[in-house]
Amino acid sequence: MPSYKLTYFNGRGRAEIIRLIFAQAKVAYEDKRIEFAEWPALKPSTPFGCLPILEVDGTVLSESKAIASYVASENGLQGNTNLEKARAQMIVGVIRGFQDTLYTALFEKDEAKKATLTKKAFEETLPTVSGQLEAQLKQNATGWFVGEKVTYADLAVFDVFSEVTAKNPAALSAEKTPLLAALVEKVKALPNVAEWLSKRPQTGM
Amino acid sequence: LARVLHTHFYSRRARMPSYKLTYFDVRGRAELARILFHYTNTPFEDIRLKREEWEQLKATGKAPFGLLPILEVDGTVISTSVAIVTYIAEVTGLTSDTPLERARGNMMMDGLHDVAVALIPNYFIEKDEAKKAELVTNFIDKVVPPWVEKFEAFFKLNGGGDGWFVGSKVTYVDFAIFNMFDFLSSTLQKDINLLLPKDKAPKLVALVERVKALPALDAYLKKRP
Numbered sequence: 001m002p003s004y005k006l007t008y009f010n011g012r013g014r015a016e017i018i019r020l021i022f023a024q025a026k027v028a029y030e031d032k033r034i035e036f037a038e039w040p041a042l043k044p045s046t047p048f049g050c051l052p053i054l055e056v057d058g059t060v061l062s063e064s065k066a067i068a069s070y071v072a073s074e075n076g077l078q079g080n081t082n083l084e085k086a087r088a089q090m091i092v093g094v095i096r097g098f099q100d101t102l103y104t105a106l107f108e109k110d111e112a113k114k115a116t117l118t119k120k121a122f123e124e125t126l127p128t129v130s131g132q133l134e135a136q137l138k139q140n141a142t143g144w145f146v147g148e149k150v151t152y153a154d155l156a157v158f159d160v161f162s163e164v165t166a167k168n169p170a171a172l173s174a175e176k177t178p179l180l181a182a183l184v185e186k187v188k189a190l191p192n193v194a195e196w197l198s199k200r201p202q203t204g205m
Numbered sequence: 001l002a003r004v005l006h007t008h009f010y011s012r013r014a015r016m017p018s019y020k021l022t023y024f025d026v027r028g029r030a031e032l033a034r035i036l037f038h039y040t041n042t043p044f045e046d047i048r049l050k051r052e053e054w055e056q057l058k059a060t061g062k063a064p065f066g067l068l069p070i071l072e073v074d075g076t077v078i079s080t081s082v083a084i085v086t087y088i089a090e091v092t093g094l095t096s097d098t099p100l101e102r103a104r105g106n107m108m109m110d111g112l113h114d115v116a117v118a119l120i121p122n123y124f125i126e127k128d129e130a131k132k133a134e135l136v137t138n139f140i141d142k143v144v145p146p147w148v149e150k151f152e153a154f155f156k157l158n159g160g161g162d163g164w165f166v167g168s169k170v171t172y173v174d175f176a177i178f179n180m181f182d183f184l185s186s187t188l189q190k191d192i193n194l195l196l197p198k199d200k201a202p203k204l205v206a207l208v209e210r211v212k213a214l215p216a217l218d219a220y221l222k223k224r225p
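Those protein sequences? They're chains A and B, same order as listed. All residue numbers for the first sequence refer to this note's numbering, where the first residue is 1 and numbers rise by one. All residue numbers for the second sequence refer to this note's numbering, where the first residue is 1 and numbers rise by one.
The set of hints was computed from the structure by calculation and includes no laboratory data. Using N, Cα and C, we set each Cβ at its ideal position, and we do this for glycine too. Don't take each hint at face value.
[What the hints assert, rightly or not] If you anchor each label on the Cβ, the simulated ranges turn out as follows:
(1) Ala-166(A) - Gly-159(B): 27 to 37 Å
(2) Gly-131(A) - Asp-162(B): 41 to 51 Å
(3) Gly-159(B) - Gly-131(A): 31 to 41 Å
(4) Asp-141(B) - Ala-112(A): 24 to 34 Å
(5) Asp-57(A) - Glu-55(B): 31 to 41 Å
(6) Cys-50(A) - Leu-188(B): 17 to 27 Å
(7) Gly-97(A) - Leu-57(B): 32 to 42 Å
[What the hints assert, rightly or not] Each computed SDA-like pair below joins lysine to any residue, with the alpha-carbon atoms no more than 25 Å apart:
(8) Lys-131(B) - Asp-110(A)
(9) Lys-169(B) - Lys-120(A)
(10) Lys-62(B) - Glu-84(A)
(11) Lys-120(A) - Leu-135(B)
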């Protein structure tokens with residue numbers, strides 16, 4: 001088993017999907033969390049000047065989707081066939097794209113622009129993406145997004161929706177998107193995930 | 001023996017999935033997929049839609065996330081260009097041998113995407129000419145150079161950057177690098193040297209030339225729309 005060291009800020013953010021994959025796979029890793037003040041000194045030594053990074057026996061990976069895909073593939077959480085892997089990658093890409101939209105709104109300094117972006121994200125983008133994800137679940141017809149068991153696609157969707165619903169419970173409706181709502185509950189109830197959720201550091205983001 | 005061989009080839013052909021790529025009649029987000037198919041001589045339907053045809057298709061809900069390109073593989077629909085090209089790489093042998101190499105390749109694909117989103121779609125949306133010019137200048141002067149520096153350093157970790165980007169054989173990542181800078185240069189109507197300067201990124205420049213010199217790719221580049 002290689003040694004894994006994940007470095008990120010002290011928050012869920014873009015690293016949580018990786019932590020969820022490690023948790024579900026029950027794979028040990030160093031969960032390094034740095035203070036913002038430490039970042040400028042660390043930044044030049046990272047491959048792309050951003051976090052998270054994952055060090056695997058000396059190799060340094062960056063880009064959270066690439067890291068997530070790697071850890072998932074090493075632990076049977078990527079999908080079994082090339083088509084399943086492609087569908088999982090598609091779903092992770094889409095939900096992470098939505099998360100990026102949320103972050104853009106969150107970090108916008110201009111208050112008026114921030115309000116517009118936030119409104120658009122919650123009133124237009126979210127319902128659209130939710131409906132599209134619901135259709136994907138319906139098509140796969142197993143309760144999971146891909147194949148017949150949990151993959152990192154399910155974990156990624158859970159990650160973003162649990163963030164969104166924590167502040168906006170109405171953002172996920174069991175009436176409008178029953179399969180999606182059920183999926184979020186299913187992931188939450190996975191024993192390894194539930195254990196991580198109960199012991200992970202409680203942070204604002 | 002001839003009959004056995006014929007049966008083998010026939011059943012192999014019968015087992016090959018049918019690939020249908022749908023996009024607009026431009027290079028854009030589908031070009032890398034087209035490059036990979038053409039380079040590996042993999043038959044595929046290269047569907048190019050007019051706007052009205054897309055509106056019709058969109059209404060059917062066939063595109064899972066309401067966007068193009070989509071790749072249909074025996075009926076299953078994949079969307080998002082990165083999932084499409086990763087898939088094509090897997091089935092055409094243009095992917096790396098080890099999980100860590102694949103991860104480094106994925107990392108580079110995400111990095112290239114991060115560069116692109118700094119320009120797209122704003123470049124195509126912005127109507128004010130002055131703002132658009134400012135966007136372009138900022139992109140070329142402030143956004144691209146730090147990324148190029150990081151990509152060059154990352155490349156050099158692989159055997160000094162004298163071969164292919166990951167591992168020791170050509171992969172879809174090499175084509176992606178070529179395609180990205182080719183796309184940026186032709187979209188912005190700027191010389192590629194401005195985006196990928198030889199003095200700042202000699203290894204990457206050499207890589208792009210190495211990719212362009214691949215005979216099967218060269219043949220496609222000469223005839224492509």
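*Mind checking the hinted window 17 to 27 Å against the Cβ distance between Cys-50(A) and Leu-188(B)?*
Because 24 Å falls inside the window, the suggested range holds.
*Is the gap between the beta carbons of Gly-97(A) and Leu-57(B) within 32 to 42 Å?*
Because 21 Å falls outside the window, the suggested range is violated.
*Hey, Lys-120(A) versus Leu-135(B), does the alpha-carbon distance stay inside 25 Å?*
The hint holds at about 23 Å.
*Could you grab the alpha-carbon distance between Lys-62(B) and Glu-84(A) and see if it respects the 25 Å cut-off?*
Given that 25 Å is the threshold and the Cα spacing comes to 18 Å, the pair holds.
*Kindly confirm whether 31 to 41 Å is satisfied by the beta carbon distance between Gly-159(B) and Gly-131(A).*
violated (47 Å)
*If you draw a straight line from the CA of Lys-169(B) to the CA of Lys-120(A), is it 25 Å or shorter?*
Distance ~45 Å between Lys-169(B) and Lys-120(A) Cα, so the pair is violated.
*asked:* Just to be sure I understand the hint, the distance between the Cβ atoms of Asp-57(A) and Glu-55(B) should be within 31 to 41 Å; is that true here?
replied: At roughly 51 Å between Cβ atoms, Glu-55(B) and Asp-57(A) fall outside 31 to 41 Å, so the hint is violated.
_Quick check on a hinted range of 24 to 34 Å for Asp-141(B) and Ala-112(A), using CB atoms only._
At 28 Å between Cβs, range holds.
*Is Lys-131(B) within 25 Å of Asp-110(A), Cα to Cα?*
This hinted pair holds, its Cα atoms lying about 18 Å apart.
*asked:* Quick check on a hinted range of 41 to 51 Å for Gly-131(A) and Asp-162(B), using CB atoms only.
replied: With Cβ atoms ~49 Å apart, the hint holds.
*Is 27 to 37 Å right for how far apart the beta carbons of Ala-166(A) and Gly-159(B) are?*
For Gly-159(B) against Ala-166(A), whose Cβ atoms are near 46 Å apart, the range 27 to 37 Å is violated.
Hint check: violations occur at hints 1, 3, 5, 7 and 9; the rest are consistent with the structure.
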